[in-house]
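Produce the entire structure from the sequences given, and follow the hints as far as they go.
There are 2 protein chains.
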Amino acid sequence: MTHFSTPATKPQGFVHFVGAGPGAVQHLTLGALRAIQGADVILYDRLIGPEILALAPKNAAAIEVGKTGFGTSTPQAVINALLVSHARTGAQVVRMKAGDSGIFGRLDEEIEALEAASLPFAILPGLTAATVAAATIGQSLTKRGRNASVRFLTGHDVAGYAEQDWRSLAKAGQVAAIYMGKKSARFLQGRLLMHGANPQTAITLVENISRADQQIIASNLERLAEDILALTGPAVLLYGLKPRQAQQALAQVPIMAEVRA
Amino acid sequence: MTHFSTPATKPQGFVHFVGAGPGAVQHLTLGALRAIQGADVILYDRLIGPEILALAPKNAAAIEVGKTGFGTSTPQAVINALLVSHARTGAQVVRMKAGDSGIFGRLDEEIEALEAASLPFAILPGLTAATVAAATIGQSLTKRGRNASVRFLTGHDVAGYAEQDWRSLAKAGQVAAIYMGKKSARFLQGRLLMHGANPQTAITLVENISRADQQIIASNLERLAEDILALTGPAVLLYGLKPRQAQQALAQVPIMAEVRA
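Just so you know, the sequences run in chain order A and B.
When we follow the working numbering, the leftmost residue of the first sequence carries the number 1, and every step to the right adds one.
When we follow the working numbering, the leftmost residue of the second sequence carries the number 1, and every step to the right adds one.
Careful: at least some of the hints might be erroneous.
Note that the list lumps identical chains together, so a pair holds whenever it fits in one copy or between two copies.
Below, computed lysine to any residue pairings styled on SDA-like, alpha-carbon distance capped at 25 Å [to be verified]:
(1) Lys171 <-> Ile137
(2) Lys242 <-> Asp108
(3) Lys183 <-> Asp213
(4) Lys183 <-> Ala212
(5) Lys183 <-> Arg146
(6) Lys171 <-> Phe187
(7) Lys242 <-> Val158
(8) Lys183 <-> Ala170
(9) Lys171 <-> Arg191
(10) Lys171 <-> Asp108
(11) Lys183 <-> Arg144
(12) Lys171 <-> Tyr161
(13) Lys171 <-> Gly196
(14) Lys242 <-> Asn80
(15) Lys171 <-> Ala202
(16) Lys242 <-> Ala116
Calculated from the structure, these hints are not laboratory results.
So this is what it looks like as C-alpha cells:
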C-alpha cells in the first residue's frame, strides 16, 4: 500500500477485483465474501446474480457495468473512469466479475487505469467456468495417462475468431475449455476437423453453470454446430470430456441463502 | 442420489471431493466450508494447512493421506479403500485436496473406486494454484492482444518428464502455468530453448502460494534451472508472466481466522 495520490488526511480508497465464480453463492470464496461485505461501491458485470449482490451491505452502491462477449453496453473507458473516480473518494470499491478476473476477464485494462491514477488494488481470484463445469459433469480437466496439459481458450478475440494451435488440439486425448465459443462453434468445428480431429471427439456444453437454469448437453465435434443452437445463455465448451453420470454429478451441496447472518 | 448398496435403513454415506485452494482460508469457497463443517470424516492431503482443518467439527476424524508429487506416502489403493469403507458406514466423508481436485488432483481414480462400490459423491471445485499465483503477482492468465489461450501443464507424468507441445509454447506471448515443475525445470528449459523460445521469456516462480512463507521469484527461461534451486516447497511456475508490482499485488484481504463463529 505505498501509492497515495490524495492528501493523507483523506481516507485511502481501494479497489478489490473480485472473481465471483460462475453464479452460485456456494462458489464464492470467503475472501470474496469479506470484500463484498466491506464494500462501499460495487461495480459488477451483467452476469453477477442477485443472490451474490444481496451479500453487500444495504447502503453500498451497486452499479452494473454490463459487458457481453461481443461488447455492446458499457465501454471499457467508462468502467475505468468509474473505478478511478469512486476509489478517489476514499471508497472501498469492489469490481466484481463473473468467474475469475484473470481468465478472459479483461482485468489488465482496469488495473492500468488504477496504476495511472496511483490507486491501490488487490485481486481476489475466483472459480473460473471451466473448473466448475468439469466438476459438475464429474470429470477432471487433467488425468494421468490421458492428458498432461489442459488449455483454456477463447472462441474469439480482438481480431475476430481466435486462431489457436489446432494441430495439437486435434490430437487424441486433448482437453480444452472453450470460452465464448457459441458464435464461433462452426469455425472451431471446421478448424479442428481440418486438422484431423476425430469427429466423435466428445464436447460437453455447459450453459448457465451453477445457476437454476443450468443446462448440460453431451455433444461431439461432428454435432457441435447444431447442438450449440440449443443454448441461449453463457456457456463453456468442454472439449474432450463427456459427462460421467449426469444425475449423480449434479448432486451438489445445497446453495446457501443465509451466509450473511 | 440413485446408488444404494446398503439397506435403506442404514444412513447413506456420501463423499464430497473438496478442492481447498492453495492454502489460505480466504481462498476456500463457501460450499467447501459448508462441506467441511458437516463432515464426519476428513481424508486430507499433506498440503492442507491446520487453519483449514480447524474448520472441521471437533468430533470429526481427520486422517492425513499424504501424497507428494513424486509419490512416496499413502498408496492410491489405500486412499480408495479408506474412502469406500468410511462412506459405507454412512459417514459424510470429505476428501480434501489442495487446489482444485480436477487439475492434477488424481480425482478419477478415487471416483472410480466409489462408482465401483455404488457410493454417491459430489465434486466441489477449488481455486487451483495457477489462478491464485497469477492474481498474487497482479497479472492475468489471458490478455487481449497477447494470448487467446492459457495452458496448465505438468512437469512430469506417469511416464517421467512430461512431453508437451513445445513448439507452440515456445512462441512469443504464450502463457502457461507449470505444475510440479521443480524437478523438471532443466528439462523444460532445454525443450523450450531447443524449440526456439526467447531465453528472456519471463517465468515467475510462486512457492507456498497464499501461505505465510510464500515466496515469489521473478526469473526467466535462461535462469530458470538456477533460480529454481532457491525453492523448497510446492511451487507453480508462471511461464510468460512477470510480477506486475510485487508489493502492491501482495496486498490481500486479511486472512480470516474466525470464519467458524
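Evaluated hints:
1. Lys171 <-> Ile137: within (22 Å within a copy, 33 Å between copies)
2. Lys242 <-> Asp108: Classified as between; 13 Å across copies, 33 Å inside a copy.
3. Lys183 <-> Asp213: Within one copy only: 20 Å inside a chain, 45 Å across chains, cut-off 25 Å.
4. Lys183 <-> Ala212: Classified as within; 23 Å inside a copy, 44 Å across copies.
5. Lys183 <-> Arg146: Answer is between; shortest inter-copy Cα gap is 21 Å, intra-copy 29 Å.
6. Lys171 <-> Phe187: Both ways: Lys171 and Phe187 sit 18 Å apart in one copy and 23 Å across, limit 25 Å.
7. Lys242 <-> Val158: between (30 Å within a copy, 23 Å between copies)
8. Lys183 <-> Ala170: within (20 Å within a copy, 29 Å between copies)
9. Lys171 <-> Arg191: both (13 Å within a copy, 20 Å between copies)
10. Lys171 <-> Asp108: between (33 Å within a copy, 21 Å between copies)
11. Lys183 <-> Arg144: For Lys183 and Arg144, only the inter-copy Cα distance (18 Å) is at most 25 Å; the intra-copy one is 32 Å.
12. Lys171 <-> Tyr161: both (21 Å within a copy, 20 Å between copies)
13. Lys171 <-> Gly196: Both: 8 Å inside a copy, 22 Å across copies.
14. Lys242 <-> Asn80: Between copies only: 23 Å across, 40 Å inside.
15. Lys171 <-> Ala202: Cα proximity of Lys171 and Ala202: one copy only (13 Å, versus 28 Å across).
16. Lys242 <-> Ala116: The answer is between: 19 Å across copies meets 25 Å, while 45 Å in one copy does not.
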